[in-house]
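Student: Using the sequences provided together with the hints, build the complete structure.
Taken in sequence, the protein lines are chains A and B.
For the first sequence, the numbering used here gives the first residue as 41, with consecutive numbering after it.
For the second sequence, the numbering used here gives the first residue as 72, with consecutive numbering after it.
In case anyone wonders, no lab produced these hints; they're calculated from the structure.
A couple of the hints might just be wrong.
Unchecked claim - Cut-off 27 Å, straight-line C-alpha distance, at most; resulting in silico cross-link-like pairs (BS3-like, lysine-lysine):
(1) B:Lys73 <-> A:Lys172
(2) B:Lys73 <-> A:Lys121
(3) A:Lys93 <-> A:Lys112
(4) A:Lys84 <-> B:Lys76
(5) B:Lys75 <-> A:Lys84
(6) A:Lys64 <-> A:Lys45
(7) A:Lys213 <-> B:Lys75
(8) B:Lys75 <-> A:Lys93
(9) B:Lys250 <-> A:Lys172
(10) A:Lys215 <-> B:Lys76
(11) A:Lys213 <-> B:Lys76
(12) B:Lys73 <-> A:Lys213
(13) A:Lys121 <-> B:Lys336
(14) A:Lys64 <-> B:Lys279
(15) B:Lys75 <-> A:Lys215
(16) B:Lys73 <-> A:Lys215
(17) B:Lys75 <-> A:Lys67
Stated by the list, open to error - Label-pair ranges, simulated between beta-carbon atoms:
(18) B:Leu232 <-> A:Ala63: 42 to 52 Å
(19) B:Glu230 <-> A:Glu219: 31 to 41 Å
(20) A:Glu166 <-> B:Pro219: 21 to 31 Å
(21) A:Ser105 <-> B:Lys76: 16 to 26 Å
(22) A:Lys84 <-> B:Thr311: 23 to 33 Å
(23) A:Lys220 <-> B:Pro219: 14 to 24 Å
(24) B:Leu267 <-> A:Ala63: 45 to 55 Å
(25) B:Leu267 <-> A:Lys93: 43 to 53 Å
Unchecked claim - Simulated coverage check for chain B against chain A, where a stretch passes if three residues somewhere in it have a Cβ under 8 Å from a Cβ of chain A:
(26) 74-82
(27) 249-263
We put the CB at the ideal spot given by N, CA and C, even for glycine.
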Amino acid sequence: MDDSKIIELYFERSEKAIEETQAKYDKLCVCIANNILNNEEDAKECCNDTYLKVWNTIPPLRPASLYAYISKVVRNTALHKYEYYHAQKRNNEFDMLLSELEECFNTSDNIEVIIDNSVISNAISEFLYSIKNEARNIFIQRYYYSESIRNLCNHYGMSKSKIESMLHRTRIKLKEYLEKEGISL
Amino acid sequence: MKSKKLFEEIGNINENLIEQAAFKSDDKTKNRAIWYRWASFAACFVLIASVVAVIIPLIESNNIPNIFSVEESSTNESNEKEKGLSKEDDENSFQNSEKEDITSNDNMADPSQNSDQEESTKENDGINNLIFVNEVNSISNAANEFPPDCYEEVWSWDEVLSYYGKNIKPTYIPDNLFKISNDTDIELTMRGDGTLYCDVVDFLYREKSEDDVFMQMTPTISISISKMNFFGDMIIDFKTEKKVSNIKNIEVMIGCEENNYGDEKYDAYIAVFNYDNVYYRVYGSNISLDEFIKTISGCIE
Numbered sequence: 041m042d043d044s045k046i047i048e049l050y051f052e053r054s055e056k057a058i059e060e061t062q063a064k065y066d067k068l069c070v071c072i073a074n075n076i077l078n079n080e081e082d083a084k085e086c087c088n089d090t091y092l093k094v095w096n097t098i099p100p101l102r103p104a105s106l107y108a109y110i111s112k113v114v115r116n117t118a119l120h121k122y123e124y125y126h127a128q129k130r131n132n133e134f135d136m137l138l139s140e141l142e143e144c145f146n147t148s149d150n151i152e153v154i155i156d157n158s159v160i161s162n163a164i165s166e167f168l169y170s171i172k173n174e175a176r177n178i179f180i181q182r183y184y185y186s187e188s189i190r191n192l193c194n195h196y197g198m199s200k201s202k203i204e205s206m207l208h209r210t211r212i213k214l215k216e217y218l219e220k221e222g223i224s225l
Numbered sequence: 072m073k074s075k076k077l078f079e080e081i082g083n084i085n086e087n088l089i090e091q092a093a094f095k096s097d098d099k100t101k102n103r104a105i106w107y108r109w110a111s112f113a114a115c116f117v118l119i120a121s122v123v124a125v126i127i128p129l130i131e132s133n134n135i136p137n138i139f140s141v142e143e144s145s146t147n148e149s150n151e152k153e154k155g156l157s158k159e160d161d162e163n164s165f166q167n168s169e170k171e172d173i174t175s176n177d178n179m180a181d182p183s184q185n186s187d188q189e190e191s192t193k194e195n196d197g198i199n200n201l202i203f204v205n206e207v208n209s210i211s212n213a214a215n216e217f218p219p220d221c222y223e224e225v226w227s228w229d230e231v232l233s234y235y236g237k238n239i240k241p242t243y244i245p246d247n248l249f250k251i252s253n254d255t256d257i258e259l260t261m262r263g264d265g266t267l268y269c270d271v272v273d274f275l276y277r278e279k280s281e282d283d284v285f286m287q288m289t290p291t292i293s294i295s296i297s298k299m300n301f302f303g304d305m306i307i308d309f310k311t312e313k314k315v316s317n318i319k320n321i322e323v324m325i326g327c328e329e330n331n332y333g334d335e336k337y338d339a340y341i342a343v344f345n346y347d348n349v350y351y352r353v354y355g356s357n358i359s360l361d362e363f364i365k366t367i368s369g370c371i372e
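Tutor: Here it is in structure tokens:
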């Protein structure tokens, strides 16, 4: 079903909206949640929470892209669950992903500058628009969808060294860009 | 904490960027995957039936060739060879095994010892060899530190060929797969001082789709080639003792991993070998073992 029709179902408060959302986006939700939580049961529970959140937020919200909205909700839900479960169930792949992001800022800088969140995410978006398509998509797959390096290798047909090299260069460029924009995390 | 904050901020990037980068799937792809699965079953059935038809008369005549031993070989002859080949068993990664001189004939099963095998090899275009498929428990990433000042440099195909000193393109790829990778401009990673840091050249072949590719369920072969080796970037944990295959007199380590993607399952094969002082890593998912072996064979020309 078309996304605009699914959104209309939410506005009509029809429970079919959740069925249709699940039919269309369950694989996406499970995939993102599992990439972060590394546990299928937790991932499915996370997806159910996501559908409830979407039900509770539409309306009043009318997302321009249901795909992007759902992926954001499931990502945030999974991240919160990960923090909750962190002590008991570690996901080494996700820990590695977070440690990679440390290259994007100066770790010796102890001064925390409070900046409006939208300023940071807008700057990251602008930076991503400024780089090559392939480097951009690989960066987003890795740090938005939390895709494993192996899956990226498989999808792009590149060796692990090449994918990591590309991600490394993009992180360094992002660091330089954020510094130039005066943004400190 | 900062990296978690940055991860959260990346979650708020422009929605168009999120959609553009997505690996999308749809019913067409899913149907094709199911169709492919059934076709694979049928192909396997035909293959097994053919092997049985050949092997049974040979067993009856007490003349068993040492060919195409998939998974585990049950012959005593093969087991004896495996003992000679298992000196790397305590190593955990393909990478480590690549460091061995794997082209040495000392530990290698001699494919020419049996005249039936020679005949069989001719009949099957050189793909009937001693094949062991090791069950893979998991494949994990190893840390890979890059020089802080590294940068990318684009090499022409001629420059790459000159560096490798031979044609590195595979001569066989399954008919249903098409080349995706670009082989006109190859990006290589250089150190700050201008020396080559990473010389890996990749080839990607994938079944064609009008839609964006749902990567896990689409038949895919990727081949990575390097003179410098792969920097120990993958650690393969085997379920059982490692056994080395022999294809065209080259020792090849082959592994098979069962993967899940949502509720669907798919098999992926990985093979690593050194041929003519060049390291090869071949990865195939959603393809038959037969096609995978033919592809490896096509790299050894």
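Student: All the hints need checking, so say for each whether the structure fits it.
Tutor: Verification of the hints:
1. B:Lys73 <-> A:Lys172: This hinted pair holds, its Cα atoms lying about 26 Å apart.
2. B:Lys73 <-> A:Lys121: 18 Å, holds
3. A:Lys93 <-> A:Lys112: 11 Å, holds
4. A:Lys84 <-> B:Lys76: 25 Å, holds
5. B:Lys75 <-> A:Lys84: Given that 27 Å is the threshold and the Cα spacing comes to 23 Å, the pair holds.
6. A:Lys64 <-> A:Lys45: Given that 27 Å is the threshold and the Cα spacing comes to 12 Å, the pair holds.
7. A:Lys213 <-> B:Lys75: 19 Å, holds
8. B:Lys75 <-> A:Lys93: 22 Å, holds
9. B:Lys250 <-> A:Lys172: 21 Å, holds
10. A:Lys215 <-> B:Lys76: 14 Å, holds
11. A:Lys213 <-> B:Lys76: 18 Å, holds
12. B:Lys73 <-> A:Lys213: Answer holds: Lys73 of chain B to Lys213 of chain A is near 17 Å, not above 27 Å.
13. A:Lys121 <-> B:Lys336: 26 Å, holds
14. A:Lys64 <-> B:Lys279: 23 Å, holds
15. B:Lys75 <-> A:Lys215: At roughly 15 Å apart (the allowed maximum being 27 Å), Lys215 of chain A and Lys75 of chain B satisfy the hint.
16. B:Lys73 <-> A:Lys215: Distance of about 13 Å is within 27 Å: holds.
17. B:Lys75 <-> A:Lys67: 25 Å, holds
18. B:Leu232 <-> A:Ala63: 42 to 52 Å: Hint holds: Cβ distance 50 Å, inside 42 to 52 Å.
19. B:Glu230 <-> A:Glu219: 31 to 41 Å: For Glu219 of chain A against Glu230 of chain B, whose Cβ atoms are near 35 Å apart, the range 31 to 41 Å holds.
20. A:Glu166 <-> B:Pro219: 21 to 31 Å: 24 Å, holds
21. A:Ser105 <-> B:Lys76: 16 to 26 Å: 24 Å, holds
22. A:Lys84 <-> B:Thr311: 23 to 33 Å: Once the Cβ atoms are compared, 31 Å apart, the range 23 to 33 Å for Thr311 of chain B and Lys84 of chain A holds.
23. A:Lys220 <-> B:Pro219: 14 to 24 Å: 18 Å, holds
24. B:Leu267 <-> A:Ala63: 45 to 55 Å: 50 Å, holds
25. B:Leu267 <-> A:Lys93: 43 to 53 Å: 50 Å, holds
26. 74-82: It holds, with 9 qualifying residues against the three required.
27. 249-263: Our answer is that it holds, as 4 residues pass the Cβ test (under 8 Å) against chain A, meeting three.
The structure shown violates none of the earlier numbered hints.
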